[in-house]
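Q: Sequence:
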Amino acid sequence: MDVNIVKFKLGKLWNIYRKQGLRYAFTFLWGKLKKKITNKLFYKNFSQSNSFTESDRKRAISEIEAFALKPVFSIICPVYNVDEKWLVKAIESVQKQVYPYWELCIADDASTTPHIKPLLEKYASADPRIKVTYREVSGNISAASNSALTLATGTYIALLDNDDEITENALYENAKVINEHPDADLIYSDEDKIDEQNNHFDAWFKPDWSPEYLLSHMYVCHFSMYRKKIVDELGGFRSACDGAQDYDLCLRATEQTRSVYHIPKILYHWRTIASSTASNPLAKSYAYEAGRKAVEEHLQRKLKTGTVSFTEYYGVYKVNHTLAGQPIVSIVIPSAGKGATIKGRHNYLLENCLTSIVNKSTYKQIELIVVDGNDIDPSLQHTCEQLGARFVHCADAFNFSQRINMGVRESRGEYVLMLNDDMEIITPDWIEQLLGFAQQPDIGAVGAKLITEQHQIQHAGIILVDGAPGHIYYGIPDVGQGYFNALVSYKNYLAVTGACILISKNKYMEVGMMDEGFPVNFNDVDFCLKLHEKGFRNVYVSGVVLYHYESVTRVKGFKAAEMQKFVSKWEHYTPAQTDPYYSPVLVKYPALLK
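For the sequence shown, our numbering assigns the number 596 to the last residue and increments by one with no breaks.
Mixed in with the good hints there might be a few duds.
Only pairs whose alpha carbons sit at most 20 Å apart, straight line, appear in this in silico EDC-like list of lysine to aspartate or glutamate [to be verified]:
#, residue 1, residue 2
1, LYS42, ASP197
2, LYS178, ASP210
3, LYS178, GLU67
4, LYS366, ASP431
5, LYS230, GLU298
Quick list of simulated restraints, FRET-style, between CB atoms [stated by the list, open to error]:
#, residue 1, residue 2, range
6, LYS571, GLU455, 29 to 39 Å
7, THR307, GLN367, 15 to 25 Å
8, LYS304, THR155, 24 to 34 Å
9, LYS536, LYS304, 16 to 26 Å
10, ALA242, ASP85, 20 to 30 Å
11, ALA126, ALA242, 26 to 36 Å
12, THR259, ASN376, 46 to 56 Å
13, GLY341, GLU518, 21 to 31 Å
14, PRO329, LEU389, 37 to 47 Å
Worth flagging that the hints you see were computed from the coordinates, not collected in a lab.
Because the structure is a prediction, the values reported are computed rather than measured.
The C-beta atom is built at its ideal place from N, Cα and C for all residues, glycine as well.
Taking the hints into account, I'd like the entire structure generated from these sequences.
A: This is how it looks when you write it as C-alpha cells:
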C-alpha cells in the first residue's frame with residue numbers, strides 16, 4: 003500500500019483517538035472492517051439483481067428508436083500519461099453504449115509516454131465518433147478539458163476520466179431523462195469505485211438535488227451531464243480551479259439553472275489506483291484548496307458574501323456565512339422544570355440548558371422564552387429569570403406544538419429557535435452557523451447534530467421510509483464521517499428535529515405555525531413538510547453540535563392516532579412513499595450506512 007495512503011488513514015485514526023479516546027478508535031476500526039464485509043455481501047446480491055441484461059438491452063434499443071429527442075452526447079476526456087490498459091477500458095466503455103448518438107472528444111495533454119498517441123490514433127481511425135486533439139504543451143486538466151470541448155458538437159457534454167468506465171446503459175439513461183424532462187440542464191447519477199482487479203466497492207447512492215450538500219462536498223461528481231450551451235456561456239473549465247475543475251463547473255452551472263435531475267442508478271465506475279483521489283485523497287492535495295476556492299467564489303457570486311474554510315475531513319468544507327445584521331433570535335423552550343442526573347450531577351434540565359446558552363453562546367442578540375404549564379418550581383423560575391428568561395404560562399395539558407406557538411406569538415425576534423429544555427450547547431457559535439443558513443430566502447428549517455451524553459447520534463436528519471419518519475444514524479457512535487460524509491456535511495432533508503430548529507419568524511407564520519393536532523409526535527416533521535411543500539429547503543448543519551438528554555422531561559410514547567393522522571395528511575405529498583433525499587437502495591440495504 004502507498005505510504006501516503008497509510009499516513010492518511012493513520013491520521014484519521016489518530017484524530018479520533020485524540021478527541022474521543024481509545025474506545026471510539028476501536029469502534030472506528032471495527033466499523034471499517036464491517037464496512038468491507040458489508041460491501042462484499044452487498045455487491046453479491048445487488049449486482050445480480052441490477053445488471054443490464056440482454057432483455058434490458060433489447061428494450062432500451064426499442065425505446066431509443068421511439069425517443070422524440072435523440073440528443074448527441076459529447077463525452078469530454080482529457081488524457082495524460084495514463085496506463086494503456088485503463089485508457090482502453092475507458093474508451094471501450096463508451097463504444098459499448100447501447101445509446102448510439104455520442105462522440106468521444108479526447109484531448110491528449112502532451113503525454114510523454116509513447117503508447118498514448120498510437121493508441122488514440124488507432125481508435126479514432128476505426129470509429130468516426132472518436133475525435134482526438136493533441137496539445138503541444140501540457141496545460142493540466144482544465145486546459146486539456148477545454149481543448150476537448152472545442153471538438154464537441156453535441157447538445158450535452160459528459161465528463162469521463164481517462165482511467166474510469168461508464169456502464170453500457172449510461173447514455174441511454176440520460177437520454178431517457180431528457181425525453182421525460184426536456185428542460186434538463188444538469189443530470190447526475192450514482193456511482194461506485196472499481197479497483198485494479200475490477201472489484202466493485204463503495205457504492206454511492208446519492209440524494210436528489212441537494213444544494214447545501216454541494217456546498218460542503220462535491221457529491222454530484224460522476225456521471226455528470228451538462229447542457230453544452232450553459233458550459234459554453236460559462237467559458238468552460240477554469241484552470242484556477244485545477245483539481246476541482248468539475249466541482250467549480252457544477253457550482254457555476256447551478257447558478258444558471260434549477261433544472262437538475264438525478265438518476266438513482268450506478269452509471270459510473272471510478273478507478274482506484276495510487277494516483278487517483280478515489281483511493282488516496284492525498285494524491286492531489288492541491289485539489290482541496292481548489293475546491294475551497296470554488297465554493298467560496300460561488301458564495302461570493304450568489305450571496306455577495308461569506309468565506310469557506312477546511313474541516314478536518316478531506317474534501318469537506320465549512321461555510322462561514324456573513325450575517326445580515328444582528329437580528330434578535332427568540333429561543334422558545336417548552337419546559338416542565340424537571341430534574342435529572344447530568345454528567346453525574348443532579349440538576350434541573352431547564353437551568354442546565356439556559357446556563358449553557360448564556361455561558362457558551364457567542365451570539366448575544368437572543369431572547370429566552372420559557373413556556374411552562376404553571377408547574378415550574380418558584381425557585382427554579384427565579385434562577386431562570388436571573389439568567390434572562392421570560393416565562394409564558396399555559397394552563398392546558400402538555401402540547402408541544404401549542405407551547406411553541408404560544409412562545410412564538412410572544413416573541414419579538416425576527417428569527418425563532420425552538421429548543422427542548424433537555425439540551426446543552428457544545429458549539430459556541432451554534433446560533434451564527436444556523437442563522438447563516440436561515441437568513442437565505444430559499445431555506446426553511448435549520449437543524450443541528452444532536453448527541454447523547456454517551457456520544458451517540460440522536461439526530462442527524464430525518465428521513466421518510468414508506469411514509470413514516472425516522473432519525474437517520476440514530477443510536478450509533480458519533481465517530482467518523484458517515485455514509486459519504488453525511489455526518490460531517492451540510493445536508494438537505496425533508497425534516498429536522500423540533501428539538502432544535504431555527505427559522506425566520508415570517509416563514510414560521512407563512513406555513514401556519516406548528517399544527518396543534520400533533521401534540522407530542524410528528525409535529526416537527528409535519529412542520530418541515532409544510533415548509534418543503536412551499537418550496538423551502540430544510541437543512542442539517544453538521545458543524546453545530548448539542549447534547550440532547552432525550553426524553554427525560556417526559557415519558558416517550560408512540561401515539562397511533564398521531565401516526566395515522568400524519569400518514570393521512572401527507573400521503574398526497576409522497577405518493578410513491580419515497581424520500582428525495584434518501585435513496586431507496588439504502589432503505590433496502592441499511593447496513594451500507596454503518
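Q: In ascending order, which of the hints set out earlier in this document are inconsistent with the structure?
A: Numbers 5, 14 - these are the hints that the structure violates, sorted from lowest upward.
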